[in-house]
Amino acid sequence: MANRRWILKFIGSATSISKAKVNALLKGNSIHVIDMSLFPKLLLVEGSKQKMNALTSHSDGWTYSPDKSYKVPGTRKKLQP
Amino acid sequence: MKQNFILLPVKTTHALKSEDKSLNPEVKNFFYKLSSPAKTKRLHLHDDDKPLPIKVLDSVSESGAKLVELPLDSLANFQFSFPGIRLVPEVFYKKAIMPSLPLTRLFSAAASKRKSTTVTVTNDQGEPIADASIYAYVDYEKETGIDGKTDERGKLQIRLSKTVKRLEVLLVYPPHSYWPLCLKNVSLEDAITIKVRAIDVTYEDVLRHFYKTPTLPHIRKTIKIGIVDTGIGPHTSLDVEGGACTVAGERKNDYADCDNHGTHVAGIIGSKQDPVGVAAGVQLYSYRVFPKDGGDASSFSIIKAISKAVEDGCQLINLSIALDESDEATNAQIAEAYSKGVICFAAAGNDGRQAVSYPAAYSLAIAVSAMGRRGTFPAGTEPFIDVKSPYGKDPKNFIAGFSNIGHEIKITAPGVGIMSCYPGNKFQVLSGTSMACPAAVGIAARLLAEEGRIIKRTASAQRADEMIRFLHSKLRQLGFGARYEGQGMFFV
Numbered sequence: 001m002a003n004r005r006w007i008l009k010f011i012g013s014a015t016s017i018s019k020a021k022v023n024a025l026l027k028g029n030s031i032h033v034i035d036m037s038l039f040p041k042l043l044l045v046e047g048s049k050q051k052m053n054a055l056t057s058h059s060d061g062w063t064y065s066p067d068k069s070y071k072v073p074g075t076r077k078k079l080q081p
Numbered sequence: 001m002k003q004n005f006i007l008l009p010v011k012t013t014h015a016l017k018s019e020d021k022s023l024n025p026e027v028k029n030f031f032y033k034l035s036s037p038a039k040t041k042r043l044h045l046h047d048d049d050k051p052l053p054i055k056v057l058d059s060v061s062e063s064g065a066k067l068v069e070l071p072l073d074s075l076a077n078f079q080f081s082f083p084g085i086r087l088v089p090e091v092f093y094k095k096a097i098m099p100s101l102p103l104t105r106l107f108s109a110a111a112s113k114r115k116s117t118t119v120t121v122t123n124d125q126g127e128p129i130a131d132a133s134i135y136a137y138v139d140y141e142k143e144t145g146i147d148g149k150t151d152e153r154g155k156l157q158i159r160l161s162k163t164v165k166r167l168e169v170l171l172v173y174p175p176h177s178y179w180p181l182c183l184k185n186v187s188l189e190d191a192i193t194i195k196v197r198a199i200d201v202t203y204e205d206v207l208r209h210f211y212k213t214p215t216l217p218h219i220r221k222t223i224k225i226g227i228v229d230t231g232i233g234p235h236t237s238l239d240v241e242g243g244a245c246t247v248a249g250e251r252k253n254d255y256a257d258c259d260n261h262g263t264h265v266a267g268i269i270g271s272k273q274d275p276v277g278v279a280a281g282v283q284l285y286s287y288r289v290f291p292k293d294g295g296d297a298s299s300f301s302i303i304k305a306i307s308k309a310v311e312d313g314c315q316l317i318n319l320s321i322a323l324d325e326s327d328e329a330t331n332a333q334i335a336e337a338y339s340k341g342v343i344c345f346a347a348a349g350n351d352g353r354q355a356v357s358y359p360a361a362y363s364l365a366i367a368v369s370a371m372g373r374r375g376t377f378p379a380g381t382e383p384f385i386d387v388k389s390p391y392g393k394d395p396k397n398f399i400a401g402f403s404n405i406g407h408e409i410k411i412t413a414p415g416v417g418i419m420s421c422y423p424g425n426k427f428q429v430l431s432g433t434s435m436a437c438p439a440a441v442g443i444a445a446r447l448l449a450e451e452g453r454i455i456k457r458t459a460s461a462q463r464a465d466e467m468i469r470f471l472h473s474k475l476r477q478l479g480f481g482a483r484y485e486g487q488g489m490f491f492v
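Line order of the protein sequences matches chains A and B.
Here the working numbering is used: position 73 in the first sequence is 73, and no number is missing along the way.
Here the working numbering is used: position 125 in the second sequence is 125, and no number is missing along the way.
Extracted from the complex, chain A is given alone in its bound form (with noise of 0.2 Å):
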């Protein structure tokens, strides 16, 4: 299964998580980590849509959506190929 780049997003009751902790889970499920820098909340990680499944269903408080792809809207006449 392909990779893709993932919004993991903590949505548990934990007041405190560890880096480390969740650098490790994510390493042991082969998720790449992309951008930490809203830690704890949100994370921009890349892996397979499986490893994510695999991994938000053994970890509590911890759910991802697709990372989409925003454009700025068009200012100019479309044109068919």
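Each hint should be verified, as a subset may be incorrect.
Said to hold, decoys possible - Listed below are several chain A residues computed to face chain B (Cβ distance under 7 Å; list not exhaustive): (1) Lys19; (2) Ala20; (3) Tyr70; (4) Gly74.
The hints are simulated quantities; they were obtained by calculation from the structure and are not laboratory data.
Idealized CB from N, CA, C, for every residue including glycine.
With chain A's structure known, arrange chain B on it following the hints.
Leaving out everything else, chain B in the frame of chain A:
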């Protein structure tokens, strides 16, 4: 027409048990009011003017999410009357079955059957205009034709089938400093020469027609606006107070424009020289979310940008960005910003009367459509092609042909043929809901700065609610209908 919606508080799904202290008590009361056994009754919830009919169909619990039926025409009115409440359309899931493949039509001709025409673009002095984008339409409605860019001599060779004798529409977009042109019914000769018109920064475009920006006083520096875009500047007409680049792997303090879109957006709000912005004097913050390589902006970089703008103290955020599907992560961040007293305005999208794009379509964002006015752009220029019904009470006004529409639209603003800044102290004319959005944000900033009290309140959902109510009182409908203009346009 009516539709079913789910009503929710800003962040939670439960109003009365919410631990969110920023939740407005009025929101709690609102959910309580709807908790009475009113499944089949119509409740009339009054705002200042008239009652709003709302039919409660179901409820998760006494103070939990409600399923209601609302008339679509009153959607924007509802959201301005009851800010701080998320309105999520009830959706229905299908079985995951494979859709049929789309049909693709191609427009081509063999080389031997093609005719060549050289298009030359110059200014009034006959100097060539390089890098001008040309769109030659054989059929404008079907979007068939050919496009390209002029070379250093201002020339582009176009090759179309010999059977094509005329172009229905020829559009010319100089990179900056000149108005884009629109020529109709162009005979395909061997050579076509086009002269473009220089931008006169004192010209009264639609933005300056309605807001007379050169005569407006500069506003006090009490308002901070975050512009989440391609970056801002450099431009001598724009003072950028701060910001960040939130693109993964790029330097955080590199928030200058990597394109030209963000600079144009910023100029509409805060340009301090001609063409003067609608909120000159405001504090501009630049959050660059688009990468330098020309790629799209990721939702994570947008989330970071909104989060940083809130942290920096911005009270208003401009999102002239678009996605054709809902994005849970960005929506959640807009809700988070709202709960901290910050309102996000978003461009409706430019797909020509299609559904409102996200994040504009998200109920806690202010979706802005684009309007224009005949007589506010020179004859033969590109905005002419955007004139389309509906026309307003004043028949010179129209909702731009490119503007997306729908019941998520909350307001409209000038967005056709708008003069603004281009990096490197140049100027450019652009049309789009991307331009209408900052026009609305800038005027909202001006109105809030003049009012003065609300903006000083503690940053919370209650402040956001008050800002929305106050701004609602400054809107006037132009006669386009709710799907096109929501509650109308700001007037100062």
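Consistency of the hints with the structure:
Interface restraint check: Lys19/A against chain B, minimum CB-CB distance 17 Å, threshold 7 Å, status violated. Taking 7 Å as the C-beta cut-off, the interface hint given for Ala20/A is violated, the closest approach to chain B being about 21 Å. With a cut of 7 Å, the hint placing Tyr70/A at the interface with chain B holds, because the nearest CB-to-CB distance is about 4 Å. At about 6 Å, the closest approach between the beta carbon of Gly74/A and any beta carbon in chain B falls short of 7 Å, and the interface hint on this residue holds.
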